[in-house]
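Fit chain B to the given chain A structure using the hints.
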Amino acid sequence: MAEMTALARVTRVEGLGMVTIRADLDRAGDAIAGASGLPLPGRVGIVAEGDRALGWMSPDELLLMLPHAELADALTDLREALRGEASLVADVSDMRCVFDLTGEDADQVLAKLSPTDLEMFPPGALRRTRLAQVPAAFWRIPGGFRLIAFRSVEVYLRELLETAAAPGTWLDPR
Amino acid sequence: MLLLTCPHCGIAAEETEFNPGGEAHLKRHGPGASDEDFEGYLFLRHNVKGPVLERWRHSYGCGKWFLAARDSVTLQVYGTYPASLAHPSDEVGDSVRAAHPNWRTQI
Chain A
1 MAEMTALARV TRVEGLGMVT IRADLDRAGD AIAGASGLPL PGRVGIVAEG DRALGWMSPD
61 ELLLMLPHAE LADALTDLRE ALRGEASLVA DVSDMRCVFD LTGEDADQVL AKLSPTDLEM
121 FPPGALRRTR LAQVPAAFWR IPGGFRLIAF RSVEVYLREL LETAAAPGTW LDPR
Chain B
1 MLLLTCPHCG IAAEETEFNP GGEAHLKRHG PGASDEDFEG YLFLRHNVKG PVLERWRHSY
61 GCGKWFLAAR DSVTLQVYGT YPASLAHPSD EVGDSVRAAH PNWRTQI
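Protein chains in written order, with this note's numbering: chain A, 1 to 174; chain B, 1 to 107.
Hints may be right or wrong, so weigh each one.
[Stated by the list, open to error] Simulated DEER-style distance windows between Cβ atoms: (1) A:133 <-> B:31: 35 to 41 Å; (2) A:163 <-> B:90: 45 to 51 Å; (3) B:14 <-> A:156: 17 to 23 Å; (4) B:12 <-> A:156: 23 to 29 Å; (5) B:19 <-> A:163: 34 to 40 Å; (6) B:102 <-> A:154: 52 to 58 Å.
[To be verified] Here chain A is said to cover these stretches of chain B; the calculated rule only asks that three of the stretch's residues, wherever they fall, bring their Cβ under 8 Å from a Cβ of chain A: (7) 51 to 62; (8) 77 to 90.
None of these hints come from the bench; they were simulated from the model. Everything numeric in this text was worked out from a predicted model, so none of it was measured. We put the CB at the ideal spot given by N, CA and C, even for glycine.
Pulled out of the complex, with its shape left as it was, chain A reads as follows:
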């Protein structure tokens, strides 16, 4: 009998800087795009270029993810670009934990935990939703998903994902 493998691998991602940007995106969109070096994502979208990503979190909120080393400069640039706007630029790198969920059946792991229709979830879409009992957000990366959730639920989330990915728990009918 072939040895059963897990549905997906769960990997903790370290060293990611995160910046919450709140502003009127219609007014300040161009300024944010210029300062972050990324085009503005559409509604419930995420744009990733190189090692930076800019995600749409709500009608007035964006999340910029970038290597931790570039954080200080990005904060300065964004605050400068949004001077005079009613806005918030906050370093929230320590607020959330980040996991990569990779493997052929990563979709099935999330399908067990979240009320999301993953058939209708293309690359470039960002979904803020619920993973079992905790709020989380995820988007597609090559080979699987990247997930963010509050750091206070990191242990719960890791165990949740590993349990949902346990070998032999495929959703396909046998």
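For chain B alone, coordinates are given in the frame of chain A:
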């Protein structure tokens, strides 16, 4: 199980991703109001059997409040609209009247 579409982010999800916020379009009666008005604002709800207008929050998603028209008997969701509107949008109203031709809002 209700399937609601958040008008702010356009995501259709089932009700566990949202939190209910009670009856919509309440008129606030604060300091200086008569006792009857204040009591009505605090305690008295229409609680109709049929189409109801409710507040919902996309709490696990974009975090925004919105309003929904649904049926308290059949659980059919007639539609959702932004909380900034003082009345249900025409689209939602038409959807309710398709099932209840004589329906009028409680507002």
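Do the hints match the structure? See the list:
1. A:133 <-> B:31: 35 to 41 Å: Check passed, 40 Å falls within 35 to 41 Å.
2. A:163 <-> B:90: 45 to 51 Å: holds, 47 Å
3. B:14 <-> A:156: 17 to 23 Å: Since the Cβ atoms of residue 14 of chain B and residue 156 of chain A sit about 22 Å apart, the hinted range of 17 to 23 Å holds.
4. B:12 <-> A:156: 23 to 29 Å: holds, 27 Å
5. B:19 <-> A:163: 34 to 40 Å: Once the Cβ atoms are compared, 26 Å apart, the range 34 to 40 Å for residue 163 of chain A and residue 19 of chain B is violated.
6. B:102 <-> A:154: 52 to 58 Å: holds, 54 Å
7. 51 to 62: This one holds; 4 residues, not fewer than the three required, reach chain A with a Cβ under 8 Å.
8. 77 to 90: violated (count 0)
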